[in-house]
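Chemist: Here are the chains, one letter per residue:
There are 4 protein chains.
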Amino acid sequence: MIGGGNGSFIGAVHRIAANLDGQIDLVCGCFSGTPSVSVASGRNLFLPEDRIYNSYQEMIEEEAKLPEAERMDFVSIVTPNHVHFEPAMMALKHGFHVVLDKPVTYTLEEAKALREQVKVSGKLFALTHTYTGYPMVKEARTRVLRGDIGKVRRVYVEYPQGWLYSDCAGVNKQAAWRVDPKRSGKAGCMGDIGTHAFNLVEYITGLKAIELCAELNTFVPGRLLDDDGAMLIRYEGDAKGVLTASQIAVGEENALKIRIYGTKGGLEWCQEEPNTMWMKWPDRPREMIRTSNGYMSEMAAHNSRTPGGHPEGYIEAFANIYRNFALTLQAMKEGKEPSSLCLDFPSVQEGVRGMQFIETVVASSNSDKKWVKMVD
Amino acid sequence: MIGGGNGSFIGAVHRIAANLDGQIDLVCGCFSGTPSVSVASGRNLFLPEDRIYNSYQEMIEEEAKLPEAERMDFVSIVTPNHVHFEPAMMALKHGFHVVLDKPVTYTLEEAKALREQVKVSGKLFALTHTYTGYPMVKEARTRVLRGDIGKVRRVYVEYPQGWLYSDCAGVNKQAAWRVDPKRSGKAGCMGDIGTHAFNLVEYITGLKAIELCAELNTFVPGRLLDDDGAMLIRYEGDAKGVLTASQIAVGEENALKIRIYGTKGGLEWCQEEPNTMWMKWPDRPREMIRTSNGYMSEMAAHNSRTPGGHPEGYIEAFANIYRNFALTLQAMKEGKEPSSLCLDFPSVQEGVRGMQFIETVVASSNSDKKWVKMVD
Amino acid sequence: MIGGGNGSFIGAVHRIAANLDGQIDLVCGCFSGTPSVSVASGRNLFLPEDRIYNSYQEMIEEEAKLPEAERMDFVSIVTPNHVHFEPAMMALKHGFHVVLDKPVTYTLEEAKALREQVKVSGKLFALTHTYTGYPMVKEARTRVLRGDIGKVRRVYVEYPQGWLYSDCAGVNKQAAWRVDPKRSGKAGCMGDIGTHAFNLVEYITGLKAIELCAELNTFVPGRLLDDDGAMLIRYEGDAKGVLTASQIAVGEENALKIRIYGTKGGLEWCQEEPNTMWMKWPDRPREMIRTSNGYMSEMAAHNSRTPGGHPEGYIEAFANIYRNFALTLQAMKEGKEPSSLCLDFPSVQEGVRGMQFIETVVASSNSDKKWVKMVD
Amino acid sequence: MIGGGNGSFIGAVHRIAANLDGQIDLVCGCFSGTPSVSVASGRNLFLPEDRIYNSYQEMIEEEAKLPEAERMDFVSIVTPNHVHFEPAMMALKHGFHVVLDKPVTYTLEEAKALREQVKVSGKLFALTHTYTGYPMVKEARTRVLRGDIGKVRRVYVEYPQGWLYSDCAGVNKQAAWRVDPKRSGKAGCMGDIGTHAFNLVEYITGLKAIELCAELNTFVPGRLLDDDGAMLIRYEGDAKGVLTASQIAVGEENALKIRIYGTKGGLEWCQEEPNTMWMKWPDRPREMIRTSNGYMSEMAAHNSRTPGGHPEGYIEAFANIYRNFALTLQAMKEGKEPSSLCLDFPSVQEGVRGMQFIETVVASSNSDKKWVKMVD
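Chain order of the listed sequences is A, B, C and D.
For what it's worth, the UniProt record's numbering labels the leading residue of the first sequence as 1, then goes sequentially.
For what it's worth, the UniProt record's numbering labels the leading residue of the second sequence as 1, then goes sequentially.
For what it's worth, the UniProt record's numbering labels the leading residue of the third sequence as 1, then goes sequentially.
For what it's worth, the UniProt record's numbering labels the leading residue of the fourth sequence as 1, then goes sequentially.
Among the clues, some could well be false.
It does not matter which identical chain is used: a pair holds within one copy or between any two.
Claimed, not checked - Straight line, CA to CA, 25 Å or less: simulated SDA-like cross-link-like pairs of lysine to any residue:
hint	residue 1	residue 2
1	K264	G294
2	K336	N44
3	K336	G33
4	K373	L47
5	K93	T142
6	K173	G237
7	K65	S340
8	K123	Q57
9	K208	I52
10	K123	A176
11	K333	E236
12	K373	Q174
13	K257	E272
14	K369	V39
15	K257	E273
16	K119	T218
17	K65	M90
18	K208	G294
19	K373	E62
20	K65	E334
21	K93	C28
22	K264	P307
23	K333	V220
24	K373	L207
25	K173	D283
26	K333	N6
27	K369	I210
Hints were generated in silico from the structure; no laboratory data involved.
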């Protein structure tokens with residue numbers, strides 16, 4: 001692991017998620033740019049001293065020298081956005097598979113370069129777009145792609161949070177880097193959570209965004225990046241979308257929600273009650289779909305662990321990415337064809353797509369033109 | 001009453017709403033442009049034969065000839081949009097107060113002319129923007145205006161319906177006129193329900209829309225008017241809004257919903273559970289506000305009839321417009337100053353505003369410019 | 001109307017409910033045992049002076065002397081429980097139909113005597129067990145009786161309220177008579193709301209309770225009647241029930257809820273969201289049944305007024321009793337057979353059943369025996 | 001681990017829960033009474049061959065012979081009820097700490113003997129009453145014990161499931177042992193899930209049940225144990241409870257729910273939405289309490305892993321028992337006093353209490369007496 005030292009939120013989540021299914025062991029790490037923090041963090045994680053490194057460069061180099069059976073199989077990179085690209089490139093080049101926190105890189109160019117390197121290296125690459133790890137999101141995709149709701153017409157996706165409603169960068173470490181353009185990139189709220197919403201739509205519907213009309217807002221005085229935004233999106237096949245994301249929606253926690261309406265039916269899913277999905281019909285009662293029931297698809301069942309009514313949550317969704325990554329990796333190591341059930345995790349292409357989204361949104365927000373085509 | 005013959009939906013609702021509080025009696029009517037239908041309808045309503053009229057012109061003229069104590073006090077006009085203006089003008093000119101179903105007229109010019117006539121005549125005028133009749137909507141307005149949520153930053157308002165998801169104009173009388181530009185006006189879905197959503201925001205926040213960026217869609221082949229649309233709106237005070245309305249959102253009934261976030265808190269209300277409102281706070285638990293509790297404002301209490309937990313609905317909201325209109329009318333007849341609690345019903349200015357909204361949305365949807373200022 | 005003077009809750013609800021559909025006009029009343037209050041109340045209701053009476057005896061006698069076309073058709077009795085029996089008997093004996101608030105009488109013996117008088121007189125009699133007036137309750141009954149959920153096994157019915165959680169009899173007029181055995185009868189909470197819950201089960205399932213095991217509690221010090229209770233009930237056909245009712249469940253409003261499970265499926269309905277019912281199945285998704293959809297039964301449709309998504313509430317449910325009573329009465333007056341759709345309102349037999357329930361519950365609560373058979 | 005071979009539900013959950021926080025490694029196991037199954041299961045779990053045992057006796061004896069630094073620290077027993085007592089006793093006697101699935105044993109006598117052995121041995125003992133591991137349940141306990149809702153008056157606890165609504169013992173391995181008295185004990189549904197409900201009340205309120213009045217039912221023909229039941233319970237301090245549990249409540253998943261009302265307020269929590277709790281008040285709005293907010297107690301925060309809005313579920317609750325057990329064990333090994341935050345996991349006394357509950361319920365169900373005192 002690179003990053004995720006003591007006090008990190010997302011690093012701890014990565015470790016729990018990786019642990020959960022007993023497929024992955026943490027064997028080494030560089031948990032901070034500050035060596036003493038890295039060492040202290042590694043000790044807390046019961047790592048032997050010689051596998052705790054002072055820099056990610058050192059770690060990648062040293063691990064690459066170990067015999068194949070002993071060295072790490074892959075690296076998890078859980079640093080802020082501006083420290084994604086270099087360690088990822090270096091790991092790939094040294095022959096390691098990579099799991100990378102999103103957004104994939106700081107710039108679109110880096111993302112494309114990384115995509116190229118993944119292709120060239122033939123290594124596995126996973127991007128932790130967590131929300132597509134939920135079994136119900138996979139169920140939604142399955143149902144939409146097989147035509148249950150007909151041709152998609154209308155998509156509403158929203159991602160309201162409230163935790164940045166005031167100027168808390170001075171006291172909240174999580175907030176500090178997110179509102180700092182040097183560490184976050186061109187977009188704040190839209191990069192941090194808007195990309196999740198954008199990814200969710202393309203994942204579930206299989207439709208690509210064509211052009212969009214966006215307005216980004218900065219409500220908290222003195223903030224340098226957007227903390228709120230909304231847009232109209234035109235998708236392939238004449239489907240129309242509205243995407244909103246906000247981090248000043250006071251009192252909201254993490255209420256990512258998607259609603260899709262087609263010619264035959266509709267569906268609705270909200271991340272805060274992830275085990276439930278609604279199917280809506282013109283002429284019969286709305287149905288409450290619940291995880292781990294017999295009527296669920298094979299894809300959803302593969303990504304569930306407990307029987308109906310025993311709620312699974314965010315950590316399990318996260319763990320699904322790691323588990324599918326690990327199962328694919330095992331298959332590769334055993335020379336087998338990985339199952340299509342396991343191959344379903346977000347990769348570098350979703351990362352490139354996310355960076356294209358950020359570029360386009362920022363361009364649109366600065367433009368007087370109504371529609372801006374998706375940047376390529 | 002003008003319109004609302006046998007089989008009419010909204011006419012029946014108007015009558016129930018007017019009846020409900022025992023303040024208003026139906027004394028005469030012209031219920032259809034077809035005299036035999038008008039007569040049959042009037043008989044079903046227990047009207048004497050001589051108060052059932054063959055045309056609205058006849059009704060207004062004949063009633064005006066009756067002694068003041070016998071003639072109707074006011075007229076309710078519940079016809080399709082294109083038959084709003086003329087009877088309303090005629091009634092005002094003959095000295096009758098008017099209750100008019102929304103949208104106020106077929107064109108903005110008519111709306112302004114009607115506004116002028118209301119002013120000149122000194123007559124009472126109510127527009128049945130039903131949703132502002134809910135006690136909880138009045139509570140929301142009270143709380144926002146007194147600053148409970150701070151300065152308004154972000155508004156989401158949505159109005160999804162699904163009943164026009166397919167081409168049903170041939171079999172559904174309610175659908176037929178709504179999708180017909182000759183009877184509905186320039187906008188379909190946006191005129192029918194988008195105006196409600198627009199009105200709701202301005203009513204609750206007291207903020208005027210400045211400019212907007214809209215896209216109207218027609219999903220059902222062959223339909224002449226929009227059946228769906230979405231827009232970004234800029235309000236006074238740098239508040240930002242998203243408004244969506246759809247009649248092809250399959251499986252949705254009448255799910256008008258508003259969420260408002262300010263600098264201190266947020267609120268949420270949905271028409272389908274009208275007795276509940278959510279207050280959201282950055283640092284303490286979300287509160288579930290419920291009608292008819294001791295903590296409700298005087299304005300909300302004035303518009304409720306039953307104790308907590310005895311749900312009131314759409315008809316009661318509708319009836320609040322009629323009751324407040326009637327109480328104001330009584331005060332006028334008794335030469336008293338009407339209470340501010342009673343004076344709170346939508347009037348012709350809200351109607352003009354709605355027509356301005358329709359004009360602006362249609363213009364924006366046809367424009368390549370990102371922002372179109374609200375038409376005056 | 002007898003009772004329901006200024007400040008009365010249930011009297012006002014009766015009037016609104018009777019008004020709502022335009023089938024019933026209030027023509028006379030004795031609104032209080034205190035003549036001046038009766039007169040003041042009648043004037044507020046726009047009644048002519050000569051139809052406002054000083055006592056119910058006077059009213060019944062005077063109205064009976066009027067020509068048939070002028071006198072009242074029926075009387076609504078909305079007094080506290082101890083003033084139900086005598087005016088109801090007197091009205092029946094003078095040839096008037098009767099609508100009576102529940103519980104039917106002060107004692108079981110009175111209830112039986114009233115039942116006999118209804119039978120002898122051939123007059124119509126309605127008891128306002130409001131909750132069975134909801135369209136969704138009628139839908140539930142329709143579905144259970146036609147076998148949708150199979151043979152009924154398990155019933156949970158609960159009726160929590162919180163408004164009597166402290167000693168408020170001194171300040172709350174509604175509370176004062178309910179906690180007074182002289183006005184309420186043998187049971188407090190169980191008589192006031194437990195009877196509604198009991199009635200709801202027998203109405204929906206068509207099953208009669210056979211025996212029960214109850215515990216009544218009085219939590220508020222100094223109170224003379226129960227303010228809470230719970231019981232196990234055995235129904236015909238080996239169905240088992242649990243019934244709870246409480247008026248000290250702090251923070252609850254009027255949360256009457258029923259859940260029924262059969263051999264094939266289950267259903268759930270809650271009064272506070274009355275337009276929704278849940279159907280539960282062993283092997284397919286839970287369904288959300290909503291009023292005014294095309295899939296609803298004829299019985300439910302007959303008792304609805306607005307399209308889907310336009311919520312109807314308590315007043316409309318109440319009005320359904322009055323409307324069905326009025327339609328039946330009209331049919332009788334016209335010499336026609338009333339439709340089975342209209343004949344579906346609670347009558348004196350439900351009242352007798354409620355009094356039997358109260359007697360049995362009180363006996364059981366005082367007994368060491370586990371099971372007490374329903375009193376006959 | 002003892003039990004939990006391939007195909008086991010609860011064994012897999014135990015392993016995931018133990019893995020989750022990186023505090024515990026699976027080092028050995030006997031996963032089945034059938035050696036070949038044990039070996040196959042152990043291999044799937046990446047265990048070395050020499051730590052996969054053919055019988056639990058062998059495992060305990062062999063592990064005890066290993067040097068302290070190499071042998072297992074504790075054993076998890078996840079077998080059916082009738083194979084709880086002997087391995088637990090043997091493990092304690094050989095110096096191993098124990099985690100045991102609930103109910104603790106097959107009979108009350110065994111439970112008491114085990115309690116004695118735990119006391120004598122000084123070993124740690126955890127019973128996986130999972131539901132008390134939820135952070136929100138700990139929050140509920142904290143709030144009730146510090147008096148937020150005043151003196152407890154009324155408790156409703158319910159645990160409806162539907163999966164045993166028909167005779168599925170032949171096809172469902174999970175069902176087969178639960179409905180078999182030889183493996184389950186004296187009670188079916190009440191032992192399996194009723195004990196969870198019972199434990200939840202005593203945990204949250206700190207009140208002991210004094211006596212109860214129960215009816216157990218067997219709805220599915222041919223079944224030997226109860227599949228449904230309900231009871232009235234009297235608690236210390238004159239609090240009154242209703243407990244229902246059912247496995248024939250068709251369409252229910254795992255809807256454990258508790259509502260508690262005191263003299264000042266009430267609370268409600270449902271396992272299927274575990275991150276939300278409702279606080280109810282007589283004179284102010286209901287509050288929606290959500291995990292991982294700043295207003296949560298230290299005890300709840302200690303048992304949470306993700307920020308607000310990132311749902312945690314059943315596995316995390318389960319993991320809290322393991323984590324607290326592991327943290328306590330670490331403190332013991334380091335000679336430190338374990339924190340009171342960590343010591344909060346169910347132990348053998350809760351197991352004894354559960355067996356007393358089962359004995360009492362069965363006795364009550366077979367009795368004609370109304371109240372049966374809790375068996376000691």
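Chemist: Each hint: holds or not?
Modeler: Hint check:
1. Taking CA atoms no more than 25 Å apart as the test, K264 paired with G294 passes in both settings, with 23 Å inside one copy and 17 Å between copies.
2. Taking identical chains as interchangeable, the C-alpha atoms of K336 and N44 lie at most 25 Å apart only when they sit on different chains, with a minimum of 17 Å there against 36 Å within one chain.
3. For the identical chains of this complex, K336 and G33 are neighbours neither inside a copy (38 Å) nor across copies (33 Å), given an alpha-carbon limit of 25 Å.
4. Within a single copy, K373 and L47 get their C-alpha atoms no closer than 49 Å, and across copies no closer than 54 Å, so neither meets the 25 Å cut-off.
5. In the homo-oligomer, the alpha carbons of K93 and T142 never lie at most 25 Å apart, since the shortest distance is 35 Å inside one protomer and 53 Å across protomers.
6. Taking identical chains as interchangeable, the C-alpha atoms of K173 and G237 are never at most 25 Å apart, the minima being 42 Å within one chain and 31 Å between chains.
7. For the identical chains of this complex, K65 and S340 are neighbours neither inside a copy (33 Å) nor across copies (46 Å), given an alpha-carbon limit of 25 Å.
8. Proximity of K123 to Q57 under the C-alpha cut-off of 25 Å is restricted to the intra-copy arrangement: shortest distance 19 Å within a copy versus 46 Å between copies.
9. Taking the closest pair of Cα atoms, K208 and I52 never come within 25 Å of each other, the shortest separation being 42 Å inside a single copy and 51 Å across copies.
10. Neither within a single protomer nor between protomers do K123 and A176 lie at most 25 Å apart by alpha-carbon distance, with minima of 33 Å and 46 Å respectively.
11. Within a single copy, K333 and E236 get their C-alpha atoms no closer than 38 Å, and across copies no closer than 61 Å, so neither meets the 25 Å cut-off.
12. For the homomeric pair K373 and Q174, neither the shortest alpha-carbon distance inside one copy (32 Å) nor that between copies (39 Å) is at most 25 Å.
13. In this assembly of identical chains, the alpha carbons of K257 and E272 lie at most 25 Å apart whether taken from the same copy (8 Å) or from different copies (19 Å).
14. When the C-alpha separation of K369 and V39 is checked against a cutoff of 25 Å, the pair qualifies neither within a copy, at 52 Å, nor between copies, at 57 Å.
15. For the identical chains of this complex, K257 and E273 are neighbours both inside a copy (10 Å) and across copies (17 Å), given an alpha-carbon limit of 25 Å.
16. Taking the closest pair of Cα atoms, K119 and T218 never come within 25 Å of each other, the shortest separation being 38 Å inside a single copy and 42 Å across copies.
17. For the homomeric pair K65 and M90, the shortest alpha-carbon distance inside one copy (14 Å) is at most 25 Å, but the shortest distance between copies (47 Å) is not.
18. Taking the shortest alpha-carbon separations for K208 and G294, neither the intra-copy value of 32 Å nor the inter-copy value of 36 Å comes in at or below 25 Å.
19. For the homomeric pair K373 and E62, neither the shortest alpha-carbon distance inside one copy (45 Å) nor that between copies (63 Å) is at most 25 Å.
20. For the homomeric pair K65 and E334, the shortest alpha-carbon distance inside one copy (22 Å) is at most 25 Å, but the shortest distance between copies (36 Å) is not.
21. When the C-alpha separation of K93 and C28 is checked against a cutoff of 25 Å, the pair qualifies only within one copy, where the shortest distance is 18 Å, while the shortest distance between copies is 38 Å.
22. Within a single copy, K264 and P307 get their C-alpha atoms only as close as 30 Å, which misses the 25 Å cut-off; across copies the closest is 21 Å, which meets it.
23. Proximity of K333 and V220 under a CA criterion of 25 Å is satisfied in neither setting, with 50 Å inside one chain copy and 50 Å between copies.
24. Proximity of K373 and L207 under a CA criterion of 25 Å is satisfied intra-copy only: 15 Å inside one chain copy versus 33 Å between copies.
25. For the homomeric pair K173 and D283, the shortest alpha-carbon distance between copies (18 Å) is at most 25 Å, but the shortest distance inside one copy (50 Å) is not.
26. For a Cα distance limit of 25 Å, the shortest separation of K333 from N6 across copies, 24 Å, qualifies, whereas the shortest one inside one copy, 33 Å, does not.
27. Both within a single protomer and between protomers do K369 and I210 lie at most 25 Å apart by alpha-carbon distance, with minima of 15 Å and 18 Å respectively.
Of the hints listed earlier, those the structure fails to meet are numbers 3, 4, 5, 6, 7, 9, 10, 11, 12, 14, 16, 18, 19, 23, in rising order.
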